[in-house]
Amino acid sequence: MNTAAAIDSRHAAGQRLRERMFSAATFVAAVLVLTLLGGVALTLLHGAWPALAHFKLRFLTSEVWNPVTDQFGALAAVYGTLVTSLIALAIAIPVSLGIAIFLTELAPAWLKRPVGIAIELLAAVPSIIFGIWGLFVLAPILQRHVQPWLIDTLGPLPIVGRLFQGPPFGIGILTAGIVLAIMVVPFVSAVARDVFETVPDVLKESGYGLGATTWEVIWQVVVPYARTGMIGGIMLGLGRALGETMAVTFVIGNAHRIGSSLLAPGTTISAAIANEFTEAVGDLYTSSLVALGALLFLITFAVIAAARLMLLRLERRALSSV
Amino acid sequence: MSRRFLRKVINLVALGLSGLATAIGLFFLGAILWTLLSRGFAGMSAALFTAMTPPPGGSGGLLNAIYGSLAMTVIGILLGGPVGMLAGTYLAEYGRNARLSVVIRFVNDVLLSAPSIIVGLFVYELLVVRMGHFSALAGAVALAIIAIPVTVRTTEDMLNLVPQGMRDASTAMGAYPWRTITSVIYPAARSGIVTGLLLAIARISGETAPLLFTALNNQFWSTNLNAPMANLPVVIFQFALSPYPNWQQLAWSGALLITLSILILSITARLVVARLGPGGQR
Amino acid sequence: MNLQRFQRVLLALLGALGATGAVQATDISGAGATFPYPIYSKWADAYRQQTGVGLNYQSIGSGGGIKQIKAKTVTFGASDMPLKPDDLKEAGLVQFPMIIGGVVPVVNLKGVQAGQMVLSGALVASIYLGEITKWNDARIQKLNPKLALPATNIAPIYRSDGSGTNFLFSHYLSQASPKFKETIGENTSVQWPIGIGAKGNEGVANMTAQTDGAIGYVEYAYAKQTKMAYCDLVNTAGKTVAPGGESFQAAAANADWAHAQGYYLILTDQPGAGSWPITGASFILVYGVPPDAAATGEALKFFDWAYRNGGKMAADLDYVPLPESLIKQVRATWKAEIKGVPAMASASDAKRM
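Line by line, the protein sequences give chains A, S and W.
Per the numbering used here, the first sequence starts with residue 1, numbered consecutively.
Per the numbering used here, the second sequence starts with residue 1001, numbered consecutively.
Per the numbering used here, the third sequence starts with residue 2001, numbered consecutively.
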């Protein structure tokens, strides 16, 4: 039958089929995103299981990392990961805040865009570049000039001094923290900038109207309002710092040791995996490295999930207060 | 000192410090780019693009590494781009208000910020161990997994920018959703989607960690996807940590190449959006 | 861009990629020690020019080499720490020496040139134990009366990966210092109490060159090629000896290979006035019953070629090629213990090469 109605219904059937296929395809792709996360978690756990079953809780509390006696403990790597990230944040938070303040409040219009773009370009530079720059440019400067000065001036101090002992190697935990800070600044400042811009002008105007200086408006009106978002941004930066591999591997010193001095070499989870994975002999060694990866996944997942939740709340608040 | 004066001083100091912070940020960017340019430029020559990675002490180039990076990036984006686009389409169109979408968006954001070395480990366990050897294909899959969250995010954002009126008009003419999406919305959001793909490419071309235990490395020219393949980031990693001057020079030049291409991609992405508008408006 | 054009571009891309996945000449695949890598890469280059066959060697450390050959992902593994005969039997591997070289301490100290500093095993052990922390320590000065030593801090660099060089070095230090043997011990990877870890001989060389006041240990070719300041050592005969082909040769001269089961022989602290104390051989590991007999055959052809033609290149880098008697012994081992590979070219064919 070739009446108009028949053609129409055949046409409609074809359209319906294509509709079903297309919507199914998008649905499958979307669910794939979920399965990716689940898959990563499961695969890591599966690979880590031999090591975790063998060492049990000792894996988290032992500093020993000896491939020959097959004794592996994650403590040194976890310590290094946490300390380098903390140093990175300690440096990056004030700098990012400063950049965000400068770009949103101080900079004249013609300066805003180029400077903003320049800071974002820093985020586009791949991490391996930071690594080689850190090793070949930053480390010698630190070893010859900065670290001896730190040892001489801060070393003798009573409590703080413990952090600055030891020979100046140039590389080590402090250097890794500094390189991480430079990498994290673009992210935190970008979030801070976005968050500062959500502050309603009316609040700022009220502050100025009462006679507050620019700094007072920022510190007492803008920052408290943007607090949740800022913390979210900081935690995103933390998540980035915790998982960073290449920038750290070059300058951390590859020592599975915990030292009290920031000038000592150490290791982080991702640096240990990057350096040792392809040459790990033995199933327990490989499994221990995957277990380190699973640990990192857990830590970063917790941090990033918390950060995203905070940013979500801020978005909702911004939308509702429009 | 009057309180007002003190407040003024604090204001000046604080704002000065924020300017200083910006200067510091710009200084490091400049320092890194300057080092890259000065050290990398010295090694720039035609040979860089025509010769293979040499043994220590010999002269050579980065051709096999450049090819490997290009091949794996292309395959990675071919695998990950469509998946990301489709998933983004689901989030923006079909599942816009679904509860599942909230979860998917959240999970996607987590994946976006996850450490790339984890992805490398995942693909190692999934593919390399099963296949019994390293391969460029595994490397490409790792890159695809990293590209997916980026593409999902940008696609969804760009599709959301298309005015609802266009959808309504299309539906009013009797078009099924798939037709509306492919014939009306995709073209409208075209520049935004292209930007998203460019950004994803920029992101994956600089990744080293996921390739370390998937594609490994290869000192020779190889086009075999089922075997280890040279790639720029891993070559830079190996060469930079060696004591040989010719290898170190190649590492710097390779680093300059990667950074330049990523910067060009990022700037192009911006220009595309700036000139064509994300929602298709000119 | 409409759908048709997009499809065409896509097809073209895929076609280009697929076409380039074409067949190429089989390369020999191997992985392992960084100790012999400078000479292996030189040999591989020359072999490729002559025969067109390439050597894809991943210089990842002896530990990695042992792992890869056990996992059968490569045709041969390379290690400077020889596997014990029991381990060989258990894994079904055949081991034979390929080349002999020496591990030398290198330093990065202002004003100290190559071959100027003299150290002893006990001194180096103390440095790596953290007992000596500054270069102008009296104990170092005693061995170097004419050298002006600055008050720089010593930065010990060690191998962070599984390494045969590490084994040789720690074995030597364990023999020189009972305290070292007790606290650290000897193996391809040990727990160093202080210092910085670097990957591969390359990494140690690089890190030592980068860090002021550093001391590291590398295979001699690395020190020579990169013009680093290597040190002389005091050997068991009490004589100060400089590293080089001559002193490595002297150490290797007394080695009794004929009675070493599985060629398990460690050449540190060999007797003789001119012997270098940290000499060692680098070994190749292949399967007695190879999973890919053709590939193993190609690899053995390469090694045979290297035995015959690689001597001069090795000597140029101050490696010590194996003596003829040992090579004969190795060829006999190939015939006896490696099954299924195509027969080697006979001696008369070899003379024609």
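A hint or two may mislead.
[Claimed, not checked] So the derived list for chain A, only partly shown, Cβ under 8 Å to chain S, looks like this:
{"#": "1", "residue": "THR43"}
{"#": "2", "residue": "LEU44"}
{"#": "3", "residue": "VAL64"}
{"#": "4", "residue": "PHE102"}
{"#": "5", "residue": "ILE132"}
{"#": "6", "residue": "VAL185"}
{"#": "7", "residue": "ASP194"}
{"#": "8", "residue": "GLU197"}
{"#": "9", "residue": "VAL199"}
{"#": "10", "residue": "SER206"}
{"#": "11", "residue": "LEU210"}
{"#": "12", "residue": "ALA274"}
{"#": "13", "residue": "PHE277"}
{"#": "14", "residue": "ARG308"}
{"#": "15", "residue": "MET310"}
[Stated by the list, open to error] Below, a list of computed lysine to aspartate or glutamate pairs in the EDC-like style, where the Cα atoms sit at most 16 Å apart:
{"#": "16", "chain 1": "W", "residue 1": "LYS2070", "chain 2": "A", "residue 2": "ASP283"}
{"#": "17", "chain 1": "W", "residue 1": "LYS2072", "chain 2": "A", "residue 2": "GLU216"}
{"#": "18", "chain 1": "S", "residue 1": "LYS1008", "chain 2": "A", "residue 2": "GLU216"}
Hints in this document: simulated from the structure, not taken from any laboratory.
Beta carbons are placed, not taken as given, at the ideal position from N, Cα and C, and that holds for glycine.
Of all the hints numbered above, which does this structure not satisfy? Sort the numbers upward. Hints 3, 7, 8, 9, 10, 11, 15 and 17 not satisfied by this model.
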